[in-house]
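Add chain V to chain Z, keeping to what the hints say.
There are 2 protein chains.
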Amino acid sequence: MRLSRYFLPVLKETPSDAQIVSHQLMLRAGMIRQQAAGIYSWLPLGHKVLKKIEQIVREEQDRAGAVEMLMPTVQPADLWRESGRYDDYGDEMLRITDRHKRDMLYGPTNEEMITEIFRSYCKSYKDVPKLLYHIQWKFRDERRPRFGVMRGREFLMKDTYSFDIDEDSARKSYNRMFVAYLNTFSRLGLKAVPMKADTGPIGGDLSHEFIVLAETGESEVFCHADLVEMGAPGLDVDFEGDLQPLVDQRTALYAATEEMHDPAEFAKVSADRQLSARGIEVGHIFYFGTKYSEPMKALVQDRDGRPQPVHMGSYGVGVSRLLGAIIEAHHDEKGVIWPESVAPFGAGILNLRAGDDAADAACEDAYAKLSAGGLDPLYDDTSERPGGKFATADLIGLPYQIIIGPRGLKEGKVELKVRRTGETHELSPEDAINRLTEGAFLNG
Amino acid sequence: MRLSRYFLPVLKETPSDAQIVSHQLMLRAGMIRQQAAGIYSWLPLGHKVLKKIEQIVREEQDRAGAVEMLMPTVQPADLWRESGRYDDYGDEMLRITDRHKRDMLYGPTNEEMITEIFRSYCKSYKDVPKLLYHIQWKFRDERRPRFGVMRGREFLMKDTYSFDIDEDSARKSYNRMFVAYLNTFSRLGLKAVPMKADTGPIGGDLSHEFIVLAETGESEVFCHADLVEMGAPGLDVDFEGDLQPLVDQRTALYAATEEMHDPAEFAKVSADRQLSARGIEVGHIFYFGTKYSEPMKALVQDRDGRPQPVHMGSYGVGVSRLLGAIIEAHHDEKGVIWPESVAPFGAGILNLRAGDDAADAACEDAYAKLSAGGLDPLYDDTSERPGGKFATADLIGLPYQIIIGPRGLKEGKVELKVRRTGETHELSPEDAINRLTEGAFLNG
Numbered sequence: 001m002r003l004s005r006y007f008l009p010v011l012k013e014t015p016s017d018a019q020i021v022s023h024q025l026m027l028r029a030g031m032i033r034q035q036a037a038g039i040y041s042w043l044p045l046g047h048k049v050l051k052k053i054e055q056i057v058r059e060e061q062d063r064a065g066a067v068e069m070l071m072p073t074v075q076p077a078d079l080w081r082e083s084g085r086y087d088d089y090g091d092e093m094l095r096i097t098d099r100h101k102r103d104m105l106y107g108p109t110n111e112e113m114i115t116e117i118f119r120s121y122c123k124s125y126k127d128v129p130k131l132l133y134h135i136q137w138k139f140r141d142e143r144r145p146r147f148g149v150m151r152g153r154e155f156l157m158k159d160t161y162s163f164d165i166d167e168d169s170a171r172k173s174y175n176r177m178f179v180a181y182l183n184t185f186s187r188l189g190l191k192a193v194p195m196k197a198d199t200g201p202i203g204g205d206l207s208h209e210f211i212v213l214a215e216t217g218e219s220e221v222f223c224h225a226d227l228v229e230m231g232a233p234g235l236d237v238d239f240e241g242d243l244q245p246l247v248d249q250r251t252a253l254y255a256a257t258e259e260m261h262d263p264a265e266f267a268k269v270s271a272d273r274q275l276s277a278r279g280i281e282v283g284h285i286f287y288f289g290t291k292y293s294e295p296m297k298a299l300v301q302d303r304d305g306r307p308q309p310v311h312m313g314s315y316g317v318g319v320s321r322l323l324g325a326i327i328e329a330h331h332d333e334k335g336v337i338w339p340e341s342v343a344p345f346g347a348g349i350l351n352l353r354a355g356d357d358a359a360d361a362a363c364e365d366a367y368a369k370l371s372a373g374g375l376d377p378l379y380d381d382t383s384e385r386p387g388g389k390f391a392t393a394d395l396i397g398l399p400y401q402i403i404i405g406p407r408g409l410k411e412g413k414v415e416l417k418v419r420r421t422g423e424t425h426e427l428s429p430e431d432a433i434n435r436l437t438e439g440a441f442l443n444g
Numbered sequence: 001m002r003l004s005r006y007f008l009p010v011l012k013e014t015p016s017d018a019q020i021v022s023h024q025l026m027l028r029a030g031m032i033r034q035q036a037a038g039i040y041s042w043l044p045l046g047h048k049v050l051k052k053i054e055q056i057v058r059e060e061q062d063r064a065g066a067v068e069m070l071m072p073t074v075q076p077a078d079l080w081r082e083s084g085r086y087d088d089y090g091d092e093m094l095r096i097t098d099r100h101k102r103d104m105l106y107g108p109t110n111e112e113m114i115t116e117i118f119r120s121y122c123k124s125y126k127d128v129p130k131l132l133y134h135i136q137w138k139f140r141d142e143r144r145p146r147f148g149v150m151r152g153r154e155f156l157m158k159d160t161y162s163f164d165i166d167e168d169s170a171r172k173s174y175n176r177m178f179v180a181y182l183n184t185f186s187r188l189g190l191k192a193v194p195m196k197a198d199t200g201p202i203g204g205d206l207s208h209e210f211i212v213l214a215e216t217g218e219s220e221v222f223c224h225a226d227l228v229e230m231g232a233p234g235l236d237v238d239f240e241g242d243l244q245p246l247v248d249q250r251t252a253l254y255a256a257t258e259e260m261h262d263p264a265e266f267a268k269v270s271a272d273r274q275l276s277a278r279g280i281e282v283g284h285i286f287y288f289g290t291k292y293s294e295p296m297k298a299l300v301q302d303r304d305g306r307p308q309p310v311h312m313g314s315y316g317v318g319v320s321r322l323l324g325a326i327i328e329a330h331h332d333e334k335g336v337i338w339p340e341s342v343a344p345f346g347a348g349i350l351n352l353r354a355g356d357d358a359a360d361a362a363c364e365d366a367y368a369k370l371s372a373g374g375l376d377p378l379y380d381d382t383s384e385r386p387g388g389k390f391a392t393a394d395l396i397g398l399p400y401q402i403i404i405g406p407r408g409l410k411e412g413k414v415e416l417k418v419r420r421t422g423e424t425h426e427l428s429p430e431d432a433i434n435r436l437t438e439g440a441f442l443n444g
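Quick note, the sequences are listed as chains Z and V, same order.
The first sequence begins at 1 in my numbering and counts up by one.
The second sequence begins at 1 in my numbering and counts up by one.
Treat each hint with caution, since some may be false.
[Claimed, not checked] Computed beta-carbon distance windows for the label pairs:
#: 1; chain 1: Z; residue 1: Lys334; chain 2: V; residue 2: Lys297; range: 31 to 41 Å
#: 2; chain 1: Z; residue 1: Glu82; chain 2: V; residue 2: Lys123; range: 49 to 59 Å
#: 3; chain 1: Z; residue 1: Asn434; chain 2: V; residue 2: Lys297; range: 45 to 55 Å
#: 4; chain 1: V; residue 1: Lys123; chain 2: Z; residue 2: Glu340; range: 32 to 42 Å
#: 5; chain 1: Z; residue 1: Arg273; chain 2: V; residue 2: Asp357; range: 50 to 60 Å
#: 6; chain 1: Z; residue 1: Thr424; chain 2: V; residue 2: Lys297; range: 40 to 50 Å
#: 7; chain 1: Z; residue 1: Asp262; chain 2: V; residue 2: Asp357; range: 45 to 55 Å
#: 8; chain 1: V; residue 1: Asp168; chain 2: Z; residue 2: Asp103; range: 46 to 56 Å
#: 9; chain 1: Z; residue 1: Glu82; chain 2: V; residue 2: Ser16; range: 23 to 33 Å
#: 10; chain 1: V; residue 1: Glu430; chain 2: Z; residue 2: Asp248; range: 36 to 46 Å
#: 11; chain 1: Z; residue 1: Lys123; chain 2: V; residue 2: Ala391; range: 19 to 29 Å
No wet-lab data here; the hints were simulated from the structure.
No residue lacks a Cβ here, since even glycine has one placed at the ideal position from N, Cα and C.
Same shape as in the complex, but just chain Z (with noise of 0.2 Å):
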């Protein structure tokens, strides 16, 4: 992408109403634009990213046996009636009526509907198991949204649904789901610590949230040191094997969230590997039982013919807000600076002199030659002066910088830059673009 094409409306001044850093940085960044309090325009740079936070969320739902579909965003308010959840609610739903003045409301969370797509479809045991997702944009009118993409109003959220015969059976989907939020946060270069959690308005036996921890977080947790430390189960897990031991190797651990703490336990973890932080919700993963199912009539007929309500689980992850979560843990005074997984762009090439006979043809030269070699660049090809340059560079998080400018040229040398370090190689220009195309850096 040429950056004069692009849209990339980077401020130069930190909002005075972002308090928190990664807020702060989608705006300077030109990632975001509020249109009304907790309502958020994706500009080019942060929808780049936000498409690729979801593409690893997908890829991960689908390895552990997810089939992805997709809801509608309104919602008739009857399905919220027969739920029993239309008045618990409460001012957080967004209601709305339509010109037949019918109620409807915008989807909060999907439960009802998708309990009431199974229930019209799925009769017999042989339905299930089933584990159904979506990737669709939510509404809760928070009453005081902050933050930024983190507790606002309209966000994406990836919400699973599982359907069982029994416990035994739905426990499994549960394990699935576990597994799976290990993998996909730690792909997305965020170390998520599952922790026993509250299991609030929607209601069940068997909770469990994934925090990451930050300074900035939102509430505070508690957890045994070795979960930070373990790794995600990886991705050559067998999602068809047994993952109990997988899911109980972490669960024997302490960790809990404020509403969950338990002093009395945590004492009992040696003192040098007690942890106690603030963390930011990422995942948040629910058995419940038929506690839809019920009320709704989602039954099933077992193998001797009798009706019985489904089992299900609900597993939500919050798309919108991990690329707040992402900046929050991946960012130095400068601006942010990417896991590669979501890096908006591989490389930067950054004209010195745009106009400049020799600059313009080393730089459209690395263009094409990146381009083809995969890197997805972007050519800063704009009459800013260098410094502007340099710090928007910096800012967006351009991994690699090839920086090229005529008096560098006349010694046959540009400058390449590694953004997580800070380190500059002189080079000459195949070189440069060979060490990227070549993946020299790609541990970095």
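Below, chain V alone, put in the same frame as chain Z:
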């Protein structure tokens, strides 16, 4: 995908409330489920095709130089008061009041919001031209939603917006989209004819609708038959070059929707080339100059430092509606016959006796090899009887079907069926697999 794990609720009966074939087939093939009038869930099969359509639309926008972003679904009403459309839009606009009693709405289109974004950041002739697009759910509260996803209330639209310094430059942006649309619809297996169109409530001077001819089309259209036979410009078009000849070649021929029809002009077309038919609108492009930029004060300084309202256009593709249009154009009495580019699965494997060791083994082998070959097969591993499996495979449009049963296997044979032609071949399992992985049918 194994069918036993998938969620494909096919219906045996044609639903009585579906009037047109695409709606009937989408319900019968388990692609969609209605959640309220004009509001649908996209079940896994429908969702998979929708995503493929969306991706083709995206690729052709990117190729034409448009930059993707994403605006939210919920918008503040004040934006629409600025343009004067808040009152004009009438009952079709879904109006919402949030918990703080602020007037909001579910966006039916995004001219106002993109103009607000543009004016916030772009102040100079150096900031244009810009072509920005997003693919987002919209809501229009139709009085009488019908024809399934063809005239729904919540629908997926790709909308692009162009910003230029003057009309000459704006026409170049218009031409980019004109050509991109021809290529887009061609890749989707559709012959879409650009027709002079009324500009309607969006306003403006220059506008074309892209119309797919189909018996079930919503409106009458009139055109020169050459337009239907003319191929798309092709993916190697140089979007930086002069596109006017490609546009002129088409606009020189008579083509108009009912509202714009001029019988006297049409009569000048030679009689054997006069085509009147019914059509489905799948795209609509507008140049509307300063209609929004003037009232909303989206001004850019020209080279002489004088502020000028920016010239704008907007360009829409009905992504979810396209799925209906494709089925209207590509089906037979048994079900859907997908264009290769959007087929949800590349092939099917039908196990005629699941549980039989030889059949299971041969199917598993085919499944592994077709998957490895990138065909993304659907494997019907259920205990349904053969007749039902044949019907489902044709209904959902599996383009190539390897049919495997114990009887054939005893003679070393399986059947390979081509959905489009109905032809079948008796082959060894190896030959059948190889014919597909080697793409022997891919011109099908």
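Verification of the supplied hints:
1. Lys334/Z - Lys297/V: 31 to 41 Å: Between Lys334/Z and Lys297/V, where Cβ atoms are some 35 Å apart, the hint holds.
2. Glu82/Z - Lys123/V: 49 to 59 Å: The hint (49 to 59 Å, Cβ to Cβ) holds, given that Glu82/Z and Lys123/V are roughly 53 Å apart.
3. Asn434/Z - Lys297/V: 45 to 55 Å: holds (50 Å)
4. Lys123/V - Glu340/Z: 32 to 42 Å: Once the Cβ atoms are compared, 36 Å apart, the range 32 to 42 Å for Glu340/Z and Lys123/V holds.
5. Arg273/Z - Asp357/V: 50 to 60 Å: holds (53 Å)
6. Thr424/Z - Lys297/V: 40 to 50 Å: Holds, since Thr424/Z and Lys297/V (Cβ atoms, about 44 Å apart) stay within the stated range.
7. Asp262/Z - Asp357/V: 45 to 55 Å: holds (54 Å)
8. Asp168/V - Asp103/Z: 46 to 56 Å: Holds, since Asp168/V and Asp103/Z (Cβ atoms, about 51 Å apart) stay within the stated range.
9. Glu82/Z - Ser16/V: 23 to 33 Å: holds (25 Å)
10. Glu430/V - Asp248/Z: 36 to 46 Å: holds (45 Å)
11. Lys123/Z - Ala391/V: 19 to 29 Å: holds (20 Å)
Violated hints for the displayed structure: none, as all numbered hints are satisfied.
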